[in-house]
Amino acid sequence: MSPIRPTPRMRRTLRTVPGILGADEGRSSAVWPGLTTDQLGDHSVVSIDPGLYSEAAIYKAAYWFTDRYYVFLDRAQEGRIVVELRAKETSGGDLRIACAEFCNALIDFRVRDIVAKETMPIREALVTKAFMEGVPQSGLQGAISDERHLAKK
Amino acid sequence: MPGFDFSKLPDVSRIVDTRIYSRRALADAQAAFRDHCHVDIRYVGHARVGVTVHPVATDDAEWRRVVLEFWNFALDAACQQQLA
Chain A
1 MSPIRPTPRM
11 RRTLRTVPGI
21 LGADEGRSSA
31 VWPGLTTDQL
41 GDHSVVSIDP
51 GLYSEAAIYK
61 AAYWFTDRYY
71 VFLDRAQEGR
81 IVVELRAKET
91 SGGDLRIACA
101 EFCNALIDFR
111 VRDIVAKETM
121 PIREALVTKA
131 FMEGVPQSGL
141 QGAISDERHL
151 AKK
Chain B
1001 MPGFDFSKLP
1011 DVSRIVDTRI
1021 YSRRALADAQ
1031 AAFRDHCHVD
1041 IRYVGHARVG
1051 VTVHPVATDD
1061 AEWRRVVLEF
1071 WNFALDAACQ
1081 QQLA
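Residue numbers (our numbering), protein chains in the order written: chain A, 1 to 153; chain B, 1001 to 1084.
None of these hints come from the bench; they were simulated from the model.
We treat Cβ as the ideally placed atom computed from N, Cα and C, and that holds for glycine.
Hints are supplied without guarantee of correctness; some may be wrong.
[To be verified] Among chain A residues calculated to face chain B with C-beta under 10 Å, some are:
1. T37
2. G41
3. Y59
4. K60
5. A62
6. C103
[Claimed, not checked] Label pairs and their computed distance ranges (CB to CB):
7. B:D1060 x A:E78: 34 to 40 Å
8. B:S1022 x A:E78: 46 to 52 Å
9. B:R1014 x A:P121: 41 to 47 Å
10. B:Y1043 x A:G79: 31 to 37 Å
11. A:R123 x B:R1019: 17 to 23 Å
12. B:R1048 x A:L52: 55 to 61 Å
13. A:A116 x B:Q1080: 27 to 33 Å
14. B:G1045 x A:A130: 24 to 30 Å
15. B:Q1080 x A:V127: 38 to 44 Å
16. B:S1013 x A:E78: 37 to 43 Å
[As the list claims (entries may be wrong)] Taking lysine to any residue pairs in the SDA-like style, the calculated list, with each CA pair at most 20 Å apart, reads:
17. A:K117 x B:G1045
18. A:K88 x B:A1077
19. A:K88 x B:Q1082
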């Protein structure tokens, strides 16, 4: 029996998500260019290209996040949608993580949209079949037992 | 609240896009928060309205919470309308 080899540890690497930028990216040397402070406190900003992520996916992700964060949406120039995230508690949470989670949620909802579109004919067929099974057939076929074979004996 | 100077707490104004925050969503939020803040909505241009929130709050934390909860409520209403 061969010895069990330990699973190699995965090395996590930061990936850039196409279509998503910190709002001031390219204009600042800050560690997280999207982190800003105003009279309402710290907030992070994510700028999204609606050509890559449907508006429905953006709304769903924003709606999902209003449970844990204060979220504000705006439309910037060139049609990009800007998402502003703030912690519900002034001392709570790392807004960089919030942005990263928001980007993941965008991908999640976008993929769900794609899969829903791809599988729509199958789901419709299954639902139609399920309903058709409940529709009564015309005539009494199958409802009365056939005992003709007893008469032959 | 008698004896408290609300004018010391600043108003918060934003210009919002009505393609995201529909007038109905803003009106719903305005109605829901009528006991917590006074809201002015004015037309500023194509698909843009200016919204000023005057919170009725006694301290900074409450002031922040009222303003941000107002915007979360408006976003919830807008999302429900868009996704309906």
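(request) Taking the numbered hints from earlier one at a time, note which ones the structure violates and give those numbers from smallest to largest. (result) 1, 6, 8, 10, 11, 12, 13, 14, 15, 16, 17 and 19
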